[in-house]
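A.B. asks: Chain A is already provided as a structure; the job is to place chains B, C and D on it using the hints.
Residue numbers (my numbering), protein chains in the order written: chain A, 18 to 184; chain B, -4 to 97; chain C, 42 to 587; chain D, 25 to 760.
None of these hints come from the bench; they were simulated from the model.
One should not assume that every hint holds.
[Stated by the list, open to error] Taking lysine-lysine pairs in the DSS-like style, the calculated list, with each CA pair at most 27 Å apart, reads:
id: 1; chain 1: C; residue 1: LYS375; chain 2: D; residue 2: LYS408
id: 2; chain 1: C; residue 1: LYS77; chain 2: C; residue 2: LYS224
id: 3; chain 1: D; residue 1: LYS53; chain 2: D; residue 2: LYS206
id: 4; chain 1: D; residue 1: LYS679; chain 2: D; residue 2: LYS504
id: 5; chain 1: C; residue 1: LYS129; chain 2: C; residue 2: LYS266
id: 6; chain 1: A; residue 1: LYS134; chain 2: B; residue 2: LYS22
id: 7; chain 1: D; residue 1: LYS57; chain 2: C; residue 2: LYS375
id: 8; chain 1: D; residue 1: LYS427; chain 2: D; residue 2: LYS206
id: 9; chain 1: C; residue 1: LYS508; chain 2: D; residue 2: LYS408
id: 10; chain 1: D; residue 1: LYS408; chain 2: D; residue 2: LYS554
id: 11; chain 1: C; residue 1: LYS124; chain 2: A; residue 2: LYS152
id: 12; chain 1: D; residue 1: LYS207; chain 2: C; residue 2: LYS434
id: 13; chain 1: D; residue 1: LYS638; chain 2: C; residue 2: LYS513
id: 14; chain 1: A; residue 1: LYS152; chain 2: C; residue 2: LYS129
id: 15; chain 1: B; residue 1: LYS22; chain 2: A; residue 2: LYS43
id: 16; chain 1: D; residue 1: LYS57; chain 2: C; residue 2: LYS446
[Unchecked claim] Label pairs and their computed distance ranges (CB to CB):
id: 17; chain 1: C; residue 1: SER70; chain 2: B; residue 2: VAL62; range: 38 to 44 Å
id: 18; chain 1: D; residue 1: GLY68; chain 2: C; residue 2: ILE101; range: 56 to 62 Å
id: 19; chain 1: D; residue 1: VAL671; chain 2: C; residue 2: LEU66; range: 54 to 60 Å
id: 20; chain 1: A; residue 1: LEU93; chain 2: C; residue 2: ALA174; range: 30 to 36 Å
[Said to hold, decoys possible] Where chain D lies over chain C, by a calculated footprint (3+ residues, C-beta under 8 Å):
id: 21; segment: 102 to 112
id: 22; segment: 459 to 470
For glycine and all other residues, C-beta sits at the position ideal for the given N, C-alpha and C.
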Amino acid sequence: MDIFSIVFYLFAVIIVVSAAIVVMSKNIMFSAFSLLFTFFGVAGIYVLLNADFIAVTQIMIYIGGILILIIFGVMLTTRITGVEIKSGTTGKIQIAFAGLISLIIAITMIFLFSNTKWFTSELQPHQSTIENIGKELLTNYLLAFEAASVLLLIAIIGAAFIARRKS
Amino acid sequence: MSIGLTHYLVLAAILFSFGIFGILTRKNAVLVLMGLELVLNSANINFIAFAKFGGLNIQGHVAAIFVIILAAAEVAVALAIVLNIYQNYRHINVDEIDKLKE
Amino acid sequence: MQDTIGFPILTWLTFLPILGMIFILLVPSGKDEGSKQVSNTIIRWIAVVVTFIQLILAIIVMFAYNNTLSGVNELSSFQFVEKIPWIKATFPLVGQFSVEYFIGIDGISAPMVLLTAIVCFVAVFPSFNIDKAVKGYFAMYLLLDTGMMGVFVALDFFLFYVFWELMLLPMYFLIGIWGGPRKEYAAIKFFIYTLVGSVFMLLVMIGLYFSVGSFNMLDMMDLTKYFQGSIFEGTGTTIRYIAFMALFIGFAIKVPSVPFHTWLPDAHVEAPTPISVILAGVLLKMGTYGMMRIAFPMFPDAVGYFQSLIAVVGVVSIIYGAFCALGQHKVGMKDFKKLIAYSSVSHMGYVILGMSSMRPEGMAGAIFQMFNHGTITSMLFMIVGVIYDRSHKRGLDDFGGLANKMPVYTGIMSIAFFAAIGLPGLSGFISEAMVFLGAFKTYPVYTMISGFGIILGAAYMLWTLQKIFFGKLPEKWAGPWDPTKKKYKHDDLNAVELTALVPLALVVIYLGIVPSPMINLMSASVNQLIEIMKPFVLIGGQVAGM
Amino acid sequence: MSPENILLLSAVVLVLPLLGFVFNIFFGKRIGKPSAWIAVIILGIDLVLSSILCIYKLTTDLANQTIGSSADTLQIIIKDGLIHSKLIWLSVGDVVIKIGIGLDNLAAIMLIVVTLISFLVHLFSTEYMSGDPRYSRYFAYLGLFTFSMLGIVIANNFLFMYIFWELVGISSYLLIGFWYEKKSASDAGKKAFLVNRIGDLGFLIGILILYSTFGTFMFDEIFDGIGSGILPFASGSMLTIAGICVFCGAIGKSAQWPLHVWLPDAMEGPTPVSALIHAATMVAAGVYLVARVFAMFTADALTFIAVIGTITAFISATIALTQVDFKRVLAYSTVSQLGYMIMALGVGSYTNGFFHLVTHAWFKAALFLASGSVIHAMHHSLHKMHDHHTDPQDVRNMGGLRKTMPITYLTFLFVTLAIAGVPFTSGFLSKDGILAGTLAYANLTGGWHWLIPILAFSAAGMTAFYMFRLLILAFHGQPKTEAAAKTHENNFVIVFPLILLSILSLWIFYSPDPTNASIGWFHRAIVQPKTAVPEDYQWDFLLIEENAGESIKEHNQSVSNHSEHSAEQVHHAGHHYINKFAEEEHHFHGTAMMLSLLIAGSGILLAFLIYQFKIFSADNLEKQFKPLHTFSFRKWYFDELYHYTAVSGIIGLSKLLAWFDNLIIDGLVNLSAAITRVSSYFIGHFDNIVIDGIVNLLANITGFFGGVLRKVQTGQVQTYIALLIIGIIALIYFIF
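Looking at chain A on its own, in the form it has when it is part of the complex:
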């Protein structure tokens, strides 16, 4: 077992455990903080996959943006002092049913992934991806890029519009 594997499994464990906490914890704040670890773990996996830019993006956007947003959402919608800080689940039968479904899908996917002969290419020597991503974004994916920026703009405006307090 080389150091690479160790690191991978370390991150994998972090991810799995924290994800489990996210979905199972009764306390919504716990969930939120576990989500932080999950995101960190995923960022680590990205690093292992030579995706430096994506890893940085993951940290900056997911952790710096999305997570903060979610926490704000929690705070805004939950009376901190009230009873509702703990989030309930939907009931025993549903939990069992959902667990079953999740299990089935997990087993199915793992089965599929491990039994498929993926087409694999030679590993590329590692190089910084930032420059290439930049080029791609501004050439082949220019339209998509622009569309995405418009989408973000719309999302901002839309979010502000939806969330505004009705007079």
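C.D. replies: Same frame as chain A, now just chains B, C and D:
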């Protein structure tokens, strides 16, 4: 056995399942959103894994970036909706919001 | 490829109205009566400004235009060309499907571009009288403008077709919503007629595409580029004759030539004034333009086969249209607009006759006649619009003695009428004379027959002139003070109407005295077109040796 | 003057009236009455300039030269006394269309005719039209007309000719219909324009034939082409047809039979206009055209021209015998005289034909202006009496004007003598020449051609008769109405043109010998051009004899160099006739003179016997020859004939076609639409009942199951997601 493509895929599958579980079980809309984030992250792992091993190369990275962008937008809008729901219902329990039924 | 300006001017020319349309749609419509007025005024002036800029651009194009270059089927001598891949898709069975955004002008389209810009600009002014759904009206108007301009600059058949259909839709709504009492009938009739024409065109277009492998019109004109064994390969085959006939009918509906003309009187009668102006001024030209741009150079062999038939269609249109116009004095509604509609049929017949001659004079005369008919008929329809606005009548028997009440109006109208009957010194004469000169060399007998058209033309025009303007003023025209309109009903032209009419009158007079700028514009292209046709068609020469 | 300057000056002469037109159209109304004087001054300048041009042209012998080549934009050519320019107007591919103006003796003399009469008419109109609400507009139209007429005169190509031809038509339309409140006036304008258009169509076809043959509009190039043996469609008869087609233009404009019907109606226009347009200039344009392109007419075409001219001269003379409207008599006399000119050109008497044009222009303009003077006076007198029903133009309301309007009477008398062909007038000279020409022609060709001189002489007799009838009825005897008695002589502005024009009708201005015009300057200046038509298609007597050309040149030179005495000597010395026809004409000169004097004298005598001395009662004669009288009075029923054939035919056809278009063609379209609608109605019902029934059945079944499955729809997002995922799993298993 060195860490290969399958490892990453399996990890992603597990993450995905957790995400689905979260979405299906939680009452709180914000927690549902967290589940959704997990699902998106698992997808991203797949993209990046294929970028490295499957010859998807830089395109995989770009796709991942777009997923992240979409996630950001989605969270913003979804939280806005959540706030709106909160203002209307004074709670954000998704199982009690069944106006769609009518 | 000549790009003398270094600026995609044709794209601007074409899509500027769309930009204007967006602006117009952004203007908030007011809630109360006062703010509604304000927003309507803003919308109207946006339309004026947009079409005016378009006109300026068109004039710039004309100045920058190099009239020694021929165009027609040579890519290298087209001007202001823009060529960008637009749609590119690969289908498993069909193969690659590619459409280009390919535009440019040559001597055939240049006069039409100018005409479109002029007519669209002047027709804005009579549109000021539209009070119903102003925003929608002008949005449609500008969309129509883009469609028309696009048809004249497109060099890719698919693009051409797209613009062709694009212009159809706003026209349908403009007639169907803002039209007269039988507007639905007229709009549907117009729509179906034109759609039938488009279907013919579409079929041939697809056939050509499979034969050439692209929608590039210039490739379609090159017989050597046709695939081996494709349906339109070779010359003189039956399928090519059928295809040409389909195209010809498709375009003849638009012209409209007898016997495909009956949509025109109805559409004109029901359409509001500015739409009549555009319909007669620009839309009809698309038919003959399509023949010159597409049907003729792509199927020269079929033109040779059907040449005398085309000439006959022209002659019949001239005579039949003139007779029907004359008949409007006696039967039916005695509608002024209907009379002009039939006169359009007659005048467009000269274009077809000129084209069929395949002589440089005839061909150039045909293009020039297209331009002149556009300006003259626009004037005529606006003239009808002027009295219709004042009296809400346009029957030929409803008026009389207007010359005394409205002298300026009568003066401008005389110019239009005399231009329409081909008075020398006005532009209509030059083009008709050139058509005659060319056509006589190829078809002397047909030309002599069509000569009766000028007598009939004079007859119905002078008759109209007499009924409406001469004689004694009838009682109702001594009309009382109309308090709602704050003017006498028979007021002479106001500033808005003058702005629309005077430029056209000046163009008509100027081109009547100095036609060479316009003729030089098209000269090289006309020659090139005739070069393409030469191996296949009958071209009259000096008749001495015959 | 250099050639450029001559042409420049001609262009100035041409354009000046146009400036007047533009000025009066835009500013005339604002400045009011002075606008007329501006027009008069412009015409005065024009008159001076054209006089300079004419005198220079007639007295100078220009050497042949060419400035510039045919490829240049502007080329100036002097050849055989014609100085002209060629300017490239349009070029399309290999087709080059040129225009230009030219000046030769013919045009130079015509310039004076047009500008002088136009000037006098302008002057006359300042008084005659005063008080009209569209006073300045009237002068604008006069300017436009003068411009167009001058354009016809100095055109050197068919295209220009045709352009100005049409412009003349339109300005005449505007002027005839000037009082457009009257329906009859606007009708007359329309009629004039349309009838002219029929002739113009022929003209256009003629031009098209020539253009398609020679590829040019230039007169000289076309003549050269014909001369070098190129014929349209390689056939001489096509050349004849081309000639006849071109002549059709003249038939229309010069009101020749069968298109003469517009001219009498055109008298609805203001009287000065009638003098300018319908007496002296515009109607003479047809004659001018024939003279201008004389070189291209074949023998057959010339015969056709002569026959048309003769018929016109005769028919209109018979109509004029019975008309009672002052101006209509003059109108028919104009038609008749125009027929004379056309006939003269047709028989080959080129110089005399054109000579008659000029002399006729003076005296007919004078007649019309005199009639204008009479009508003006009658109108005023009626106006003072507040009588608005009596027709001021009807000769039956006049009489005795000799005493109240002495100057008008004297001038009218003099020009009536001129038109009747009494010696010492210009009319005598020119008419005599024409009659001699017809005799010569008939003698040379023989056969039925003798009808031409016979009809010509009888028309001359009738002319003398009806002119004196008019004179006697209007001026002699007792006033027949109160209004006539109260008329007054008009003021100087009206009378001056009358005097000037009647002075111009003296013989002395054209020839020192009152019996023979051929020794005057006019006949030296205007010489029949060398015919371009190949000998096979031309009368041999019209061909210019080879040696004759030389002697003519010498003759001309000697004339310009020596005194008239020596000219006379050369004249009598013998062989200088340009062709056989001229010689024959000379021989018949004496006979024609005697005959015409006899016939005119008897015509005048008869008029005096009937109307002055009442030896024969006019009423009795009328009763006796009732059918003939009615036939003449109703103008041979030409108007009715045309109305019931051509006009009704065309209107009927147009009605039919409009109806056909409305009902049949549109009907077919609507029928197909209706068929579609009906079939769609049935299909719709089928669709509604059968197909829709099946669909509804299915829908009910679905509804039932839907009701069952409805319970699944909880409205909860999570349930939906769960179901979705189950679906996906199922799909995965289904696939693999």
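A.B. asks: Are the hints correct? Go through all of them and say.
C.D. replies: We went through each hint and held it up to the structure:
no., hint, result
1, C:LYS375 <-> D:LYS408, "44 Å, violated"
2, C:LYS77 <-> C:LYS224, "26 Å, holds"
3, D:LYS53 <-> D:LYS206, "22 Å, holds"
4, D:LYS679 <-> D:LYS504, "49 Å, violated"
5, C:LYS129 <-> C:LYS266, "20 Å, holds"
6, A:LYS134 <-> B:LYS22, "40 Å, violated"
7, D:LYS57 <-> C:LYS375, "41 Å, violated"
8, D:LYS427 <-> D:LYS206, "33 Å, violated"
9, C:LYS508 <-> D:LYS408, "33 Å, violated"
10, D:LYS408 <-> D:LYS554, "60 Å, violated"
11, C:LYS124 <-> A:LYS152, "25 Å, holds"
12, D:LYS207 <-> C:LYS434, "22 Å, holds"
13, D:LYS638 <-> C:LYS513, "44 Å, violated"
14, A:LYS152 <-> C:LYS129, "23 Å, holds"
15, B:LYS22 <-> A:LYS43, "11 Å, holds"
16, D:LYS57 <-> C:LYS446, "21 Å, holds"
17, C:SER70 <-> B:VAL62: 38 to 44 Å, "42 Å, holds"
18, D:GLY68 <-> C:ILE101: 56 to 62 Å, "47 Å, violated"
19, D:VAL671 <-> C:LEU66: 54 to 60 Å, "56 Å, holds"
20, A:LEU93 <-> C:ALA174: 30 to 36 Å, "45 Å, violated"
21, 102 to 112, "violated (count 0)"
22, 459 to 470, "holds (count 6)"
When each numbered hint is compared with the structure, violations occur for hints 1, 4, 6, 7, 8, 9, 10, 13, 18, 20 and 21.
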